[in-house]
Amino acid sequence: MIKFNESSPIYLQIVEKIKADIVAGKLKGGHKLPSVRDVAESFRVNPNTVQRVFMELEREGVAYPQRGIGTFISEEAGLVEKLRDTQAQKYTGRYVAQMQELGMGKDEILENVRKVLEGNENDDTQD
Amino acid sequence: MLGRLITYELRKKWKASRYVLLGYAAVQMLLLMIIRVFLWNEGIIDGFEINSETQANFNASFGLLTLLFFAISFMLGAYPFLESMYRFERDLSGKQAYLELMLPAAAWQKVLSKLAATLVSLVVCGTLSLLSMFIFLMVNSNFRYFFEFFDMVLQMVVSSPAGFIAAITLTLFGFACLYILIFLCIAVAKSFTHKNSIAVPIGIMAFILMTVLISTLESQTAKFPIYIFRFADLSFALSTAVMTIVLFALLLMATGWLMEKKIEH
Amino acid sequence: MMILKTDKVGKKYLNKWALSNVDISLEQGKIIGLLGPNGSGKTTFLKLVIGMIRPSSGSVTVCGMEIGYKAKEMISFLPDSEFLYNWMTIREAGDTYAAFFKDFDMARFNELLQFMALTPDMKFKGLSKGMKEKLAIALTLSRNARLIVLDEPLNGVDPVAREQILGAIVKSFSHESTILVTSHLINEVENILDEAYFLKEGKIVLHGSTDDLRSERNKSLDELYREVFAC
Chain A
8 MIKFNESSPI
18 YLQIVEKIKA
28 DIVAGKLKGG
38 HKLPSVRDVA
48 ESFRVNPNTV
58 QRVFMELERE
68 GVAYPQRGIG
78 TFISEEAGLV
88 EKLRDTQAQK
98 YTGRYVAQMQ
108 ELGMGKDEIL
118 ENVRKVLEGN
128 ENDDTQD
Chain U
1031 MLGRLITYEL
1041 RKKWKASRYV
1051 LLGYAAVQML
1061 LLMIIRVFLW
1071 NEGIIDGFEI
1081 NSETQANFNA
1091 SFGLLTLLFF
1101 AISFMLGAYP
1111 FLESMYRFER
1121 DLSGKQAYLE
1131 LMLPAAAWQK
1141 VLSKLAATLV
1151 SLVVCGTLSL
1161 LSMFIFLMVN
1171 SNFRYFFEFF
1181 DMVLQMVVSS
1191 PAGFIAAITL
1201 TLFGFACLYI
1211 LIFLCIAVAK
1221 SFTHKNSIAV
1231 PIGIMAFILM
1241 TVLISTLESQ
1251 TAKFPIYIFR
1261 FADLSFALST
1271 AVMTIVLFAL
1281 LLMATGWLME
1291 KKIEH
Chain R
18 MMILKTDKVG
28 KKYLNKWALS
38 NVDISLEQGK
48 IIGLLGPNGS
58 GKTTFLKLVI
68 GMIRPSSGSV
78 TVCGMEIGYK
88 AKEMISFLPD
98 SEFLYNWMTI
108 REAGDTYAAF
118 FKDFDMARFN
128 ELLQFMALTP
138 DMKFKGLSKG
148 MKEKLAIALT
158 LSRNARLIVL
168 DEPLNGVDPV
178 AREQILGAIV
188 KSFSHESTIL
198 VTSHLINEVE
208 NILDEAYFLK
218 EGKIVLHGST
228 DDLRSERNKS
238 LDELYREVFA
248 C
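Protein chains in written order, with our numbering: chain A, 8 to 134; chain U, 1031 to 1295; chain R, 18 to 248.
It should be emphasised that the hints constitute simulated quantities derived from the structure, not laboratory data. As the structure is a prediction and not an experimental result, all values here were calculated from the model. Misleading hints may appear alongside valid ones.
Under the rule of at most 25 angstroms between Cα atoms (straight-line distance), these lysine-lysine pairs were calculated in the BS3-like manner [claimed, not checked]: (1) Lys1291(U) with Lys47(R); (2) Lys1125(U) with Lys146(R); (3) Lys24(A) with Lys236(R); (4) Lys97(A) with Lys113(A); (5) Lys236(R) with Lys217(R); (6) Lys47(R) with Lys236(R); (7) Lys22(R) with Lys1292(U); (8) Lys149(R) with Lys1125(U); (9) Lys149(R) with Lys188(R); (10) Lys1043(U) with Lys149(R); (11) Lys142(R) with Lys1045(U); (12) Lys1225(U) with Lys33(R); (13) Lys1042(U) with Lys149(R); (14) Lys33(A) with Lys113(A); (15) Lys25(R) with Lys119(R); (16) Lys1125(U) with Lys89(R); (17) Lys119(R) with Lys1291(U); (18) Lys1291(U) with Lys87(R); (19) Lys24(A) with Lys188(R); (20) Lys146(R) with Lys47(R); (21) Lys119(R) with Lys1042(U); (22) Lys1045(U) with Lys149(R); (23) Lys97(A) with Lys236(R); (24) Lys1042(U) with Lys146(R); (25) Lys33(R) with Lys1043(U).
Make a model of the complete structure from these sequences and hints.
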């Protein structure tokens, strides 16, 4: 179950969730995705929305349909890396845009990122 | 569909009436036993042969209990009448009105099924009511007239079986006409409003008006019989018979039409 | 094919219009929400659709037919109040539906009962409010009707039952039919809707596909709803 973000279309959010699962290794190339109905049921969303999710995944080459069997995650080499890159670009882009809204410049943004990362490392060493 | 509707209506009747019937049986059985034990204690074999020497207070209590027994029997006879009116009213504007109106059947079939269930309950309750009065008389008179009674009934049936059947059919049809008229009046009232403080007077007014209208029509058509036919000691004017049947169908259709087209929820 | 089409439909009580000039067209295979606060005319509209009341103006057709008992065969309706008899057990309620509705799917009914943790031997009288609602939903969704109309299916039930009811709606959704659902709990239903109609004081004030509404205005339906109905 995921908590849907308020304003972007739900189908895109599910697409992102599935991509994130692929990047994290929860879904692997060649794996069969659950049926539209099962996905709809587990997310409690409209089956038409899930249909759209599958279409979007197919359009982006992340998944492919096998007639009468189901939809499978693409086995294309470098898929995970590609997705990781695009997701990373997207998240970073979002972060940078938000920082820029606060009036931060390039150096300040980098400085902040470094601080957070170092803070995390310190936390890790304390454990 | 009509068959399924009738089964459904009968189930509803049974579920609504079973405790009433059970209660009735229990109360009457108790009363009967009290009276019988009473009589035995007084050394009386036949309760209906009490002579003037018996004590006055015994007479009074026996009379009172008997009266109570017959009153309750009579109430059971009247029960289907009241229950049907109540049920029909609830079907139109109660909580279950949604379910009733969702059923995919022509409205006249729904009305007809309710009418059929009502007649069945009338026959059952009427028979039980008469039967319990009969049992009362038999038990308290020490089965004095038992054979005479059966003889009488048997002779009535044997001497004119057709007449017997005709009498029963006519009685039932008479009740059916009365009920459909009542149903129509309830439907008329409900198509104005669901507020019973207004709907009940409208219904009663409609009933009086319709009764006057129909009896006028009947007496007028009786003047022009066209043809008079006899059936088992009874004579009928063809005109009146045809008109009664036509009226019955019209009332049925009108009730269905009001349910389908006029009553709002 | 249009499952439901209303043309400038209106309903007048005495001299007040409870509903006016409502144009709604529902396509096959969609879940559509009719959203608005209490008293906005949602139930009045649904009653017009199922033929409980008749329009003062305009027209309503289901699969191209005027509302009559033939049209009723194609509509499965969930009222927002109790409508079953106290003496019924869950099984008897199912049997009653099976006897009257040709499109009733007993296997699906049993599956839905299991899904919602109801057993057939329970008596209607002894059920809690949430269980009654779940039973009513199971009955309504077990019909393969062209139009399924759910009036406030989440009203007055706890969050767990809400999840089950939403799950049941998604589970039994079919591309052959259309589901029209009313609610004032926008947050709960917005994820299952293809389209939404906002009804305010008897008029449609906003209509669109939920994805479009969300991305065009960058707001959730719930936020939009608060905006539209804020006094």
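Results for each hint:
no.: 1; hint: Lys1291(U) with Lys47(R); result: violated (30 angstroms)
no.: 2; hint: Lys1125(U) with Lys146(R); result: holds (15 angstroms)
no.: 3; hint: Lys24(A) with Lys236(R); result: holds (20 angstroms)
no.: 4; hint: Lys97(A) with Lys113(A); result: holds (17 angstroms)
no.: 5; hint: Lys236(R) with Lys217(R); result: holds (19 angstroms)
no.: 6; hint: Lys47(R) with Lys236(R); result: holds (22 angstroms)
no.: 7; hint: Lys22(R) with Lys1292(U); result: holds (22 angstroms)
no.: 8; hint: Lys149(R) with Lys1125(U); result: holds (14 angstroms)
no.: 9; hint: Lys149(R) with Lys188(R); result: holds (19 angstroms)
no.: 10; hint: Lys1043(U) with Lys149(R); result: holds (23 angstroms)
no.: 11; hint: Lys142(R) with Lys1045(U); result: holds (13 angstroms)
no.: 12; hint: Lys1225(U) with Lys33(R); result: holds (19 angstroms)
no.: 13; hint: Lys1042(U) with Lys149(R); result: holds (20 angstroms)
no.: 14; hint: Lys33(A) with Lys113(A); result: violated (35 angstroms)
no.: 15; hint: Lys25(R) with Lys119(R); result: violated (32 angstroms)
no.: 16; hint: Lys1125(U) with Lys89(R); result: holds (19 angstroms)
no.: 17; hint: Lys119(R) with Lys1291(U); result: holds (24 angstroms)
no.: 18; hint: Lys1291(U) with Lys87(R); result: holds (14 angstroms)
no.: 19; hint: Lys24(A) with Lys188(R); result: holds (21 angstroms)
no.: 20; hint: Lys146(R) with Lys47(R); result: violated (28 angstroms)
no.: 21; hint: Lys119(R) with Lys1042(U); result: holds (21 angstroms)
no.: 22; hint: Lys1045(U) with Lys149(R); result: holds (20 angstroms)
no.: 23; hint: Lys97(A) with Lys236(R); result: holds (21 angstroms)
no.: 24; hint: Lys1042(U) with Lys146(R); result: holds (23 angstroms)
no.: 25; hint: Lys33(R) with Lys1043(U); result: violated (40 angstroms)
Comparing the model with each earlier hint shows violations of hints 1, 14, 15, 20 and 25; every other hint is respected.
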